[in-house]
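Novice: Here the protein sequences come in this chain order: A and B. When we follow our numbering, the leftmost residue of the first sequence carries the number 1, and every step to the right adds one. When we follow our numbering, the leftmost residue of the second sequence carries the number 1001, and every step to the right adds one.
Treat the hints as calculated values from the structure; they're not laboratory data. Every residue, glycine too, gets a C-beta built ideally from N, C-alpha and C. Incorrect hints may have been included.
[As the list claims (entries may be wrong)] Partner residues aside, some chain B positions facing chain A, computed with beta carbon under 8 Å:
1) G1013
2) I1022
3) A1024
4) P1026
5) V1034
6) G1046
7) S1143
8) N1262
9) Y1335
10) P1336
11) V1353
12) T1354
13) Q1415
14) R1416
[What the hints assert, rightly or not] A few chain A residues that don't get close to chain B, going by computed Cβ distances all over 12 Å:
15) G34
16) Y83
17) T133
18) S145
19) P150
Listed below, chain by chain, are the residues.
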Amino acid sequence: MQTRASFGWKHVIALLAIAAVASVAFASIFVFYGGTITAYYQAPPVVWASGTNTNGTDIGGKTISVNIAGNSTTLSVAVHPTYGYTYYKDIATIKNNDASNGYYIAIRVTSPANITSIAGASVTLILSNTTSTELIDLGTTGTSSWYYLPAGSSVSVSIQFYLPGGVKLPNAVVAGIQLIYSTSNAETPPSTV
Amino acid sequence: MLFSILVVVVNAGVCVIYDSGIIAKPQAPPLILVNPGTQGVNVTLGANNTWANITVKATTEYQEITRNGGFDTSPNGWLYGYTVYSGNATVAATWNQTYYFAPGASGVVLLYMRLYNPSNIIGYVNGSIYLVQNVTIPNTPLSSVTLNITYYSTYTTSFSTLSSYYLFAELLCMNGTIAWSGLQSITTGSWNNASFTIPTTSITPGETYTLLVGARVSGSTLNILTIIGNLTIYQLFDSVRLYVEPLYPSFSGSVLDLNVTNGNYSSSLKAANLTVLGGTNVNISVFLANLSGGVTTSIVASSGLLTSNATSEVQLTVPPLGYTSGYIHLSASIYPSSVVNMPLKIRYSVSGVTVTYQVNITIIDPPNKDIAVSSTHNISHQCTHVRLGRDRSVKGFKHLDKLLPSILENSIPLQRWRG
């Protein structure tokens, strides 16, 4: 009886000791240094802004609906094109409010216009100022090249639709885009995470 | 759509990304292209009437340059105007398939003018009422120019004397001066053909003129007891056609109509290019006109080269019944056997939106490349000598005047000329 009781306790203690040694052997060593990150939020230097035809009259008595929201960081456009070429001129602008620094801007098509099933149909977004023009195909996923926006300047945003005569009118054509701006044009814009 | 802002550090640069979206809800075209049915013009319209291929036959044949000169289905292309020299006037102008008091013609314009002098002690009235259309002379020497008119005239009056009653025609320069005028006595109570020979020296090839065709009338009384009088004329036209005979293959007329179904649009034309096969002795003028007589500047090609490739703008609006909003006018003279091709863009815009349609115009000399052309509608003029309204008695006057509302009812009113 004595022998059996003594065996039980000794063995329990021994097993705990082995487990403790084993746990040290499999763990990493963590070292912590102190540090701080402080973000000072600022008004966005590059924003969507109104163009000369924002909320202007569309063909057929309709309205060019342009909604700029989220502190001028989101743009929603609803227009009513028809057959042939329909060109919406200067429905919005991209404005650099920073009087001291220029930025590089690009447009990324995240969700292409669902019009590509119609042969020949196209949707093109046009960035232009007095000296340069950038055409962006909204029917294809991708990112445009960088377009330099000097300090305090703006660029006009226009859209052109082409729908060949003879096809059935689509119910709605939707395209999702991102406006990207950067202090540098050294790299391709990253994807969002 | 979920909008978000993402800031990503890229090497030394900072990248900011905004989400945005564009929605297009395509709509039926608010402006469509229409075949004008002009003789010598073959129009193939695309689906949805938003593009067109046009083949134009340039010829040395005797050719009509008035638009819708037969009034076959509408008064389209024609306006009316009037002038009162003495007295007061009530006027009306309408189109109908036929008017019961002047049977025997199909597609007829009625010009109505009632002159009266409630306060004129000398008992005298004088006025005119007329049809109006701008016409462009082909840009080539002409052998002859002829104006043919089919008309029916009747009148009633309480005056003792019908001083004058004439069928008149004029060609006005665009500055308003008279280039040519003609006058003929009117035959009343029957359908009549009248013809004016216009000297080729009176007009300039390539120029646009305003054509006026109508009736001029005056009446008076010597009877002191009837100084207050009325003079009413009913002037009907079944056709007004201006013909030219060019020395070189030519065409002048509307090649395409434009019809607005919704809205008002500033519209213009632009030529993409011009190609000439054959001789380069090619002169072309193209402009856009609206229903009220407004015209753009012209696209011009001279000696086979485009010297002006775009027009100014003209306003196109929803037309009244019987009219189209506007039309493309082509005036061309080409070298014999040559073929000319001119792709055109039609642009219409409102606010910052511009819609562009493509139109292709080919001009040919048909002896070598003939085409099917639309036919004119020849109207049978079975002249019946109905003399309603010829009676100068008060009873006769009341007869037609009482019936005027029913005469005008269901007719298409003509648009007034503001020239």
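Novice: Now look at each hint and say whether the structure bears it out.
Specialist: Structure-based check of each hint:
This hint holds: G1013/B has a C-beta 3 Å from the nearest C-beta of chain A, less than the 8 Å allowed. The criterion of a C-beta within 8 Å of any C-beta in chain A is met by I1022/B, whose closest approach is roughly 5 Å, and the hint holds. Taking 8 Å as the C-beta contact cut-off toward chain A, the hint placing A1024/B at the interface holds, the least distance being around 4 Å. Checking P1026/B against chain A: minimum C-beta separation of about 5 Å stays under 8 Å; hint holds.
Against a cut-off of 8 Å between C-beta atoms, the interface hint on V1034/B is violated, since the closest Cβ of chain A lies about 14 Å away. Proximity of G1046/B to chain A holds as hinted, the smallest CB-CB distance being about 4 Å (cut-off 8 Å). With a least beta-carbon distance of about 41 Å to chain A, the hint placing S1143/B at the interface is violated under the 8 Å criterion. Proximity of N1262/B to chain A holds as hinted, the smallest CB-CB distance being about 5 Å (cut-off 8 Å).
Interface restraint check for Y1335/B: the shortest CB-CB distance to chain A comes to about 33 Å, outside 8 Å, so the restraint is violated. Interface hint at P1336/B: violated, since its Cβ lies 35 Å from the closest Cβ of chain A, which is beyond the 8 Å cut-off. With a cut of 8 Å, the hint placing V1353/B at the interface with chain A holds, because the nearest CB-to-CB distance is about 5 Å. Restraint check, T1354/B versus chain A: the minimum CB separation of about 4 Å is within 8 Å; hint holds.
The interface hint given for Q1415/B is violated, since its Cβ lies 23 Å from the closest Cβ of chain A, which is over the 8 Å cut-off. The restraint placing R1416/B at the interface with chain A is violated, with a minimum CB-CB distance near 26 Å, outside the 8 Å limit. With a least beta-carbon separation of about 22 Å from chain B, G34/A lies farther than 12 Å from that chain, consistent with its non-interface assignment. For Y83/A, the requirement that its beta carbon stay farther than 12 Å from each beta carbon of chain B is not met, with the minimum near 4 Å.
The beta carbon of T133/A is kept farther than 12 Å from every beta carbon of chain B, the shortest such distance being approximately 16 Å. Against chain B, the non-interface label of S145/A holds: every CB pair exceeds 12 Å, the least being about 14 Å. The beta carbon of P150/A sits about 17 Å from the closest Cβ of chain B, which is more than 12 Å, so the claim that it is off the interface holds.
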